[in-house]
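As they're listed, the protein sequences go chains L and P. The first sequence runs 13 to 362 under the working numbering. The second sequence runs 13 to 362 under the working numbering.
Among these hints, one or two may not hold up.
Since copy identity is lost for identical chains, a pair holds within one copy or between any two.
In silico BS3-like cross-links for lysine-lysine, where the CA-CA straight-line distance does not exceed 30 angstroms [claimed, not checked]: (1) Lys27 x Lys309; (2) Lys269 x Lys310; (3) Lys350 x Lys104.
Calculated directly from the structure, the hints in this document are not laboratory data.
Spelled out from the first residue to the last, the chains are:
There are 2 protein chains.
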Amino acid sequence: MACLYVIEQGAEVTKQGNRIIVRKFGTELQSVPAFKVEQLILMGNIQITSQAIKFLLTEGIDTVFLTINGKYRGRLVSSFSKNIDLRRKQFKKLEEAAFVLDLAKKFVWGKLANYRVLLRRYQKEVQKEAVEKAIHSLRRLIEKVADAPDLDSLRGIEGSGSAIYFSALGQLFKNPEFRFEKRTRRPPRDPVNVLLSFGYTLLGNTIQSYIDLSGLDPYLGALHSPDYGRPSLALDLMEEFRPILVDTAVLRVVNTKAITMKDFYVPEDAPSLPEEGEIEDLTPEDYPILLTYEGTKKWITMYEKRLQELTFYPITEQRLSYRQICEQQVRLLIRHLKEEDIYQPFVLRM
Amino acid sequence: MACLYVIEQGAEVTKQGNRIIVRKFGTELQSVPAFKVEQLILMGNIQITSQAIKFLLTEGIDTVFLTINGKYRGRLVSSFSKNIDLRRKQFKKLEEAAFVLDLAKKFVWGKLANYRVLLRRYQKEVQKEAVEKAIHSLRRLIEKVADAPDLDSLRGIEGSGSAIYFSALGQLFKNPEFRFEKRTRRPPRDPVNVLLSFGYTLLGNTIQSYIDLSGLDPYLGALHSPDYGRPSLALDLMEEFRPILVDTAVLRVVNTKAITMKDFYVPEDAPSLPEEGEIEDLTPEDYPILLTYEGTKKWITMYEKRLQELTFYPITEQRLSYRQICEQQVRLLIRHLKEEDIYQPFVLRM
Chain L
13 MACLYVIEQG AEVTKQGNRI IVRKFGTELQ SVPAFKVEQL ILMGNIQITS QAIKFLLTEG
73 IDTVFLTING KYRGRLVSSF SKNIDLRRKQ FKKLEEAAFV LDLAKKFVWG KLANYRVLLR
133 RYQKEVQKEA VEKAIHSLRR LIEKVADAPD LDSLRGIEGS GSAIYFSALG QLFKNPEFRF
193 EKRTRRPPRD PVNVLLSFGY TLLGNTIQSY IDLSGLDPYL GALHSPDYGR PSLALDLMEE
253 FRPILVDTAV LRVVNTKAIT MKDFYVPEDA PSLPEEGEIE DLTPEDYPIL LTYEGTKKWI
313 TMYEKRLQEL TFYPITEQRL SYRQICEQQV RLLIRHLKEE DIYQPFVLRM
Chain P
13 MACLYVIEQG AEVTKQGNRI IVRKFGTELQ SVPAFKVEQL ILMGNIQITS QAIKFLLTEG
73 IDTVFLTING KYRGRLVSSF SKNIDLRRKQ FKKLEEAAFV LDLAKKFVWG KLANYRVLLR
133 RYQKEVQKEA VEKAIHSLRR LIEKVADAPD LDSLRGIEGS GSAIYFSALG QLFKNPEFRF
193 EKRTRRPPRD PVNVLLSFGY TLLGNTIQSY IDLSGLDPYL GALHSPDYGR PSLALDLMEE
253 FRPILVDTAV LRVVNTKAIT MKDFYVPEDA PSLPEEGEIE DLTPEDYPIL LTYEGTKKWI
313 TMYEKRLQEL TFYPITEQRL SYRQICEQQV RLLIRHLKEE DIYQPFVLRM
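Model the full assembly from the supplied sequences, consistent with the hints where possible.
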């Protein structure tokens with residue numbers, strides 16, 4: 013286990029010998045040896061003892077505080093990342109316009125290529141004309157990436173690609189209760205969008221923990237321009253993994269009925285569908301629909317399960333888990349910044 | 013109150029309304045409105061509730077975990093500092109050799125000038141020849157700072173200045189039990205050195221909290237070269253404040269007998285004086301002499317008292333507390349990095 017989630021409200025995290033223990037009302041819920049845990053995610057109202065805090069800081073286990081709905085609240089750090097030499101390289105290279113454009117193209121290329129692979133894999137089964145068309149449109153867009161003269165036109169290509177992809181994605185769901193027409197966020201407006209948003213938050217945590225541990229500054233990226241409070245580098249590195257890790261897992265939980273409409277509820281004070289993107293700082297009351305506690309547990313389990321699946325990683329020519337591949341891609345980016353290697357997005361084989 | 017220390021072992025920090033409460037065995041020890049707290053320092057075995065953690069993260073109160081001996085363990089952060097534009101400026105300017113040398117000179121100049129002011133102030137009273145000589149030697153060294161051709165010779169001047177200053181400092185103590193011959197660290201070998209080391213740790217926390225809040229990267233400085241794990245910028249900014257805030261407070265607690273030899277103890281397993289600088293990762297057993305719990309409380313109180321004293325701050329032409337001046341100097345450095353103003357060290361008037 014690389015990531016330990018604690019979501020049982022009112023539970024307490026303690027330390028005993030070299031183990032992390034989760035208890036509630038005196039009952040032991042989880043007991044994990046520290047060496048198996050890279051990241052501890054505490055969701056909502058979870059107590060933690062000072063001995064556990066000391067232990068986590070000493071062992072260098074990334075500890076993240078989320079709300080029960082998966083919103084980021086903060087983390088425990090032993091210090092600002094110590095690797096200052098790496099950050100000097102990062103700030104030098106990511107101020108060079110040509111380097112930035114080239115790297116941004118790799119992220120967009122990887123995302124669109126994985127969008128296309130996902131559609132093609134599912135198309136074998138569903139055989140829908142709209143999906144076939146989307147696959148072709150994506151191929152044409154992917155060919156344009158290399159020639160994008162600047163970041164703005166590159167972001168235009170990425171936007172068109174996402175629009176094409178999400179309009180086709182709805183065709184791949186087999187449970188008619190889960191209609192998906194378009195991507196909506198802030199707040200997500202239907203069950204599929206709720207799963208997507210939560211999944212991207214989880215993916216963001218996965219990527220950001222490897223960025224933090226590496227010593228890179230998560231706020232300076234290439235495709236996502238630097239902006240106050242935006243973890244641009246984490247957003248960049250997430251792109252190629254979104255369809256592979258989150259969207260694939262959403263399709264699975266819906267199509268296998270691992271998650272059903274019973275795992276959602278409409279909050280009492282739910283507003284009449286707010287405009288998309290209108291609300292910057294969401295509270296649960298702003299969500300028209302939410303995952304139940306059981307649904308949250310299921311979704312986290314399915315996401316983590318996907319991360320633990322093995323696949324072939326061409327750079328090291330090994331079978332690795334997707335989680336390990338996330339870490340490897342951060343390392344590859346570091347070698348790219350140091351000009352020791354060339355970054356290549358991780359693209360699924362068809 | 014800007015900084016709330018919790019050192020009562022086994023105490024618990026909770027949140028109630030907008031107040032931070034410290035309790036032990038059900039008894040309320042401290043109760044402070046959150047708006048009065050900029051920084052919360054938890055030393056040793058202090059429990060903290062998840063509600064308090066949530067509250068501290070939301071309110072942006074810097075929360076630092078120290079060992080009972082004042083060693084840094086970690087902190088709670090709502091994110092990596094968000095102000096990426098400022099860090100881009102910092103990395104750009106602090107890669108320019110001429111800019112770095114000029115800024116480093118200001119830090120050294122400020123430190124040596126304040127060393128000299130401190131010696132002169134006390135010399136009025138003690139009238140010792142060795143001190144008089146040190147004051148003159150420091151003046152000659154201070155004149156050399158501007159002409160230093162590179163960082164290495166500048167660091168040489170700083171080293172000579174510190175040696176001259178510390179050899180004179182011993183003349184200023186009035187309590188014969190507190191003999192001070194030279195500065196020793198890792199571990200500090202006598203009571204004065206214990207107070208100095210602990211004081212510099214506290215000062216480091218004060219400065220670093222303003223650096224962290226500002227969004228600067230504490231690991232990239234000018235006088236202190238970037239090195240893995242070294243908070244160079246915090247060390248730079250501390251220089252001018254060391255004699256003013258720490259050394260002055262040490263002289264006071266010793267000369268007024270606010271702290272006496274009864275506030276120290278020799279740990280049971282104390283080694284026979286280890287070589288200075290030999291031990292990188294100190295544990296209490298490596299210290300030949302330590303502050304007692306009561307001594308720790310007294311020393312923190314005296315340090316904080318010094319920080320709250322008011323003095324004239326020439327840049328804004330106001331009377332400010334020394335704590336506010338620390339913050340102002342971080343802000344002045346930011347304007348210097350943005351080329352909106354020129355950094356000047358804060359130097360005490362004679």
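Consistency of the hints with the structure:
1. Lys27 x Lys309: The answer is both: 23 angstroms in one copy and 28 angstroms across copies each meet 30 angstroms.
2. Lys269 x Lys310: within (11 angstroms within a copy, 64 angstroms between copies)
3. Lys350 x Lys104: Both: 10 angstroms inside a copy, 17 angstroms across copies.
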